[in-house]
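A.B. asks: Single-letter residue listing:
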Amino acid sequence: MTTTPTPGAGLTRVPVGIAGFDDLSMGGLSERRTTVVVGTAGSGKTVFAVQFLIEGIRQFGQPGVLATFEETPQDIAANVAGFGWDLQALGRDGRLAVVDGSQAATEEVITIGDFDFEGLIARIESAVRKVNAKRVAVDALGALLPLMTDPTMVRRELRRVIAAFREMGVTTLLTLERREEYGPVARFEVEDFVADNVIVLRNPLHGEKRRRTIEILKLSGCPHHKGEYPFTIEPRTGVNIIPLSAVELSKEAPSERLTLGSPELDAMCGGGLHRDSLVLVSGGTGTGKTLMATHFAHAAITHGEPALYVSLEESSGQLIRTARSWGMDLEPSVGDGRLTILAQYPERMGLEDLLVQLRLEIERLRPTRIVIDSLTALERNATVKSFREFVVGLVSTLKSSETAGMFTHTAPVVAPLESVTETHISTIADAIMLLRYVEIEGNVRRAALLLKMRGSWHDTQIHEYHIDDTGMRMGEPLRGMSGILGGTQLYSTYTGASAQPPVPPVRRPADPDG
Amino acid sequence: MLAVYSRHVGPAANLGGPSGEGAYALRLYVSGRAASSARAVRNLERIAALLEGVEIEVIDVRERPELTEEDKVLATPTLIRRRPPPIRKVIGDLSDAALVVTSLELDIARSNAAGGRPA
Chain G
18 MTTTPTPGAG LTRVPVGIAG FDDLSMGGLS ERRTTVVVGT AGSGKTVFAV
68 QFLIEGIRQF GQPGVLATFE ETPQDIAANV AGFGWDLQAL GRDGRLAVVD
118 GSQAATEEVI TIGDFDFEGL IARIESAVRK VNAKRVAVDA LGALLPLMTD
168 PTMVRRELRR VIAAFREMGV TTLLTLERRE EYGPVARFEV EDFVADNVIV
218 LRNPLHGEKR RRTIEILKLS GCPHHKGEYP FTIEPRTGVN IIPLSAVELS
268 KEAPSERLTL GSPELDAMCG GGLHRDSLVL VSGGTGTGKT LMATHFAHAA
318 ITHGEPALYV SLEESSGQLI RTARSWGMDL EPSVGDGRLT ILAQYPERMG
368 LEDLLVQLRL EIERLRPTRI VIDSLTALER NATVKSFREF VVGLVSTLKS
418 SETAGMFTHT APVVAPLESV TETHISTIAD AIMLLRYVEI EGNVRRAALL
468 LKMRGSWHDT QIHEYHIDDT GMRMGEPLRG MSGILGGTQL YSTYTGASAQ
518 PPVPPVRRPA DPDG
Chain L
494 MLAVYSRHVG PAANLGGPSG EGAYALRLYV SGRAASSARA VRNLERIAAL
544 LEGVEIEVID VRERPELTEE DKVLATPTLI RRRPPPIRKV IGDLSDAALV
594 VTSLELDIAR SNAAGGRPA
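Those protein sequence lines, which keep their order, are chains G and L.
Residues in the first sequence are numbered consecutively from 18, following the numbering used here.
Residues in the second sequence are numbered consecutively from 494, following the numbering used here.
So that you can see chain G by itself, here it is in the shape it has in the complex (with noise of 0.2 angstroms):
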């Protein structure tokens, strides 16, 4: 084996198995070689570790070695029963074996004169012989740099021990702590020039929530991607890594088209949505948002399709009284299994974590719709940027899965429009539906715009529509009015108003006349 850098061609790479981990490092980690992974206290180094060996073992049958020297054996395993990993059965059936080091954190040793760490080594090399372990995990190596001196020593004894470990044949992972989340990658600065693959776990504060990253560093010059990417660390799968470079938003579309539950929506869109359409309703309350999302999810259960909705502001509950009132009985097919309502308190739960709660779903239920009402519920406790990867993040889970999408929003009083841009999913959207209420002969009335919609004719007259015991009817355009886009400005005017429309859409409704 050369020990110059390499340029990681010839480097054979070891798939992880971690949700996104694989796709995030384009294949996974260097085989036979260590990987340093730093973090702050807390910023998930110990999970990532140990579901490095717990993967290795059940997806690819690869034997591990868990070596510890901060927590005992004992706590990590308490620790880790929560995702269902049960470390002291593995270490029965031989495919686990422990090492424990952790009297190093707290033993006092006296130091007489120059060591280094081979009884360490001869410790995990046995280790390794004995559940013939493909995979040695490294938890809290630091423990024992209180024992050097100099950094010099930190360097030589790092070196020797992932010199042990490749010529032992076995893929590590090696945690080691550091102070702050940006700066210096570890304590003593030279841990990371001594390995030629690090990862740096992060979990800064982010308007009062805590927000954990991922970013890899170097992976012995083989190419991965670069940056921070959100993960989260959830009950039952563990480390979930959200791959945004991953996102691939130009998708085939499929020619087939979904019933938007109601023959003159459909019509408005020319015959229906595209099948992996992600459509957004923007609207003031009362408009019918939930009304046309839930005309949606209907629709796709009267054709006998599974459906997912999302529902952030009301309970299942009261969604399934409010659906009768329209006409739309959903409890059968709640019965039944074809309709799945996730009432959530979006308060209760960070984006990332709602994220890959709802790729368990989707992946679990296989709905042909998905509804998530409302968007503007979840971007309130969010911040710009971890609301824009959430949605992108669903997103592109929703066009891999081939899953509609109708997310609703609610738009303020004043300049509808820009709230929907602030939140970039106007460009995400494959189409956009405004609700409005217009005034009229000073009564208070409802219209329609289909703004956009990609890859198809579609309408683009501004409709009435009624709300009654059926649900939502649409209506003839309105002509001859015009600046009724302003949403309750009420801004309206009789035929041939000089007014314009106060914020101009993306595009301009034609010409009603024309």
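Rather than coming from a laboratory, the hints here were simulated on the basis of the structure.
Heads up, a few of these hints could be off.
[Unchecked claim] Listed below are the simulated DMTMM-like cross-link pairs for lysine to aspartate or glutamate, each with C-alpha atoms no more than 20 angstroms apart in a straight line: (1) G/Lys147 x L/Glu559; (2) G/Lys243 x G/Asp40; (3) L/Lys565 x G/Asp92; (4) G/Lys235 x G/Glu88; (5) L/Lys565 x G/Asp117; (6) G/Lys243 x G/Glu406; (7) G/Lys235 x G/Glu481; (8) G/Lys147 x L/Glu556; (9) L/Lys565 x G/Glu88; (10) G/Lys147 x G/Glu184; (11) G/Lys147 x L/Glu562; (12) G/Lys469 x G/Glu481; (13) L/Lys565 x G/Glu125; (14) L/Lys565 x G/Asp370; (15) G/Lys402 x G/Glu232; (16) G/Lys147 x G/Asp117; (17) G/Lys402 x G/Asp370; (18) G/Lys147 x L/Asp564; (19) G/Lys147 x L/Glu550; (20) G/Lys469 x G/Glu273; (21) G/Lys235 x G/Glu194; (22) G/Lys147 x G/Asp110; (23) L/Lys565 x L/Glu550.
[Claimed, not checked] DEER-style ranges, computed between Cβ atoms: (24) L/Thr595 x G/Pro32: 45 to 55 angstroms; (25) G/Leu377 x L/Arg526: 46 to 56 angstroms; (26) G/Glu245 x L/Arg539: 55 to 65 angstroms; (27) L/Ala528 x G/Phe77: 37 to 47 angstroms; (28) L/Glu556 x G/Ile127: 19 to 29 angstroms; (29) G/Thr123 x L/Arg535: 27 to 37 angstroms; (30) L/Glu538 x G/Phe77: 46 to 56 angstroms; (31) L/Arg535 x G/Thr166: 39 to 49 angstroms.
Please read all numbers here as calculations on a predicted model, not as lab measurements.
Just so it is clear, CB atoms sit at the ideal spot from N, CA and C, and this is done for glycine as well.
On the provided structure of chain G, position chain L as indicated by the hints.
C.D. replies: Quick look at chain L alone, frame taken from chain G:
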């Protein structure tokens, strides 16, 4: 020479104990390929010469990993005083003999004063 397991060194080995055991039982973990380990063996031999009734084992971590595991040894050389209790540990090449004696509370008072405390 270092790949020695359970080697008794020093003139006073196995002497003086009531049941034929030494008053002190010391175990030195070494790594066969390291210079610091070789120095530790030489230094320990010198210290043991000053003690009465001492039993010394020199163990190579690569030959006896199970013992290494049992004693939770991380560093080599590691010197463990196994008897009398409680167990005490020092790591390093033992180059400061006086510090070894103090750290492990080895009683060399009855040794020949001319031998003195090792410098």
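A.B. asks: Each hint should be assessed against the structure and marked as holding or not.
C.D. replies: Hints and how they fare:
A distance of roughly 11 angstroms separates the Cα atoms of G/Lys147 and L/Glu559; the hinted pair therefore holds under the 20 angstroms criterion. For the given pair, G/Lys243 sits about 12 angstroms from G/Asp40 by alpha-carbon distance, which is consistent with the 20 angstroms threshold. Pair hint L/Lys565 plus G/Asp92 holds up; C-alpha atoms about 17 angstroms apart against a cutoff of 20 angstroms. Our distance criterion of 20 angstroms between C-alpha atoms is broken by G/Lys235 and G/Glu88, whose separation comes to about 28 angstroms.
As the CA atoms of L/Lys565 and G/Asp117 are separated by approximately 7 angstroms, the hinted pair is consistent with the 20 angstroms bound. Proximity of G/Lys243 to G/Glu406 is assessed by CA-CA distance (about 16 angstroms); at most 20 angstroms being required, the pair is judged to hold. The straight-line distance between the Cα atoms of G/Lys235 and G/Glu481 is roughly 58 angstroms, outside the 20 angstroms bound, and the hint therefore fails. For the suggested pair G/Lys147 and L/Glu556, the alpha carbons sit about 15 angstroms apart, so the restraint of at most 20 angstroms is met.
Restraint check for L/Lys565 and G/Glu88: the C-alpha separation of about 14 angstroms stays at or below 20 angstroms, so the hint holds. Between G/Lys147 and G/Glu184 the CA atoms are separated by roughly 16 angstroms; this keeps the pair inside 20 angstroms, and the hint holds. At roughly 13 angstroms between alpha-carbon atoms, G/Lys147 and L/Glu562 fall within 20 angstroms of each other, so this suggested pair holds. Straight-line distance between C-alpha atoms of G/Lys469 and G/Glu481 comes to about 18 angstroms, which keeps the hinted pair within the 20 angstroms bound.
Our distance criterion of 20 angstroms between C-alpha atoms is met by L/Lys565 and G/Glu125, whose separation comes to about 14 angstroms. Our distance criterion of 20 angstroms between C-alpha atoms is broken by L/Lys565 and G/Asp370, whose separation comes to about 40 angstroms. Under the criterion of a C-alpha separation no larger than 20 angstroms, the hint pairing G/Lys402 with G/Glu232 is consistent with the structure, at around 17 angstroms. With a C-alpha separation of about 15 angstroms, the suggested pairing of G/Lys147 with G/Asp117 holds against the 20 angstroms cut-off.
Distance check on the hinted pair: G/Lys402 and G/Asp370 sit about 15 angstroms apart at the alpha-carbon level, within 20 angstroms; holds. A C-alpha spacing of about 18 angstroms is found between G/Lys147 and L/Asp564, which places the hinted pair at or below 20 angstroms, so the restraint holds. The straight-line distance between the Cα atoms of G/Lys147 and L/Glu550 is roughly 25 angstroms, outside the 20 angstroms bound, and the hint therefore fails. For a cut-off of 20 angstroms, the pair hint linking G/Lys469 to G/Glu273 stands: about 19 angstroms separates their Cα positions.
Under the criterion of a C-alpha separation no larger than 20 angstroms, the hint pairing G/Lys235 with G/Glu194 is consistent with the structure, at around 18 angstroms. In summary, the hint linking G/Lys147 to G/Asp110 is supported, as the alpha carbons are separated by about 12 angstroms, within the 20 angstroms threshold. A C-alpha spacing of about 16 angstroms is found between L/Lys565 and L/Glu550, which places the hinted pair at or below 20 angstroms, so the restraint holds. Checked against the given bound of 45 to 55 angstroms, the beta carbons of L/Thr595 and G/Pro32, roughly 54 angstroms apart, stay inside it.
For G/Leu377 and L/Arg526, the hinted distance range of 46 to 56 angstroms is satisfied, since their beta carbons lie about 51 angstroms from each other. Take G/Glu245 and L/Arg539: their Cβ atoms lie about 56 angstroms apart, and the range 55 to 65 angstroms holds. The supplied range of 37 to 47 angstroms is met by L/Ala528 and G/Phe77, whose beta-carbon atoms lie about 40 angstroms from each other. Restraint check, L/Glu556 to G/Ile127: a C-beta distance of roughly 26 angstroms satisfies the suggested window 19 to 29 angstroms.
Between G/Thr123 and L/Arg535 the beta carbon distance is about 31 angstroms. The supplied range of 27 to 37 angstroms therefore holds. Checked against the hint of 46 to 56 angstroms, the pair L/Glu538 and G/Phe77 passes, with Cβ atoms roughly 50 angstroms apart. About 22 angstroms separates the C-beta atoms of L/Arg535 and G/Thr166, a value inconsistent with the hinted range of 39 to 49 angstroms.
Comparing the model with each numbered hint stated earlier shows that hints 4, 7, 14, 19 and 31 do not hold.
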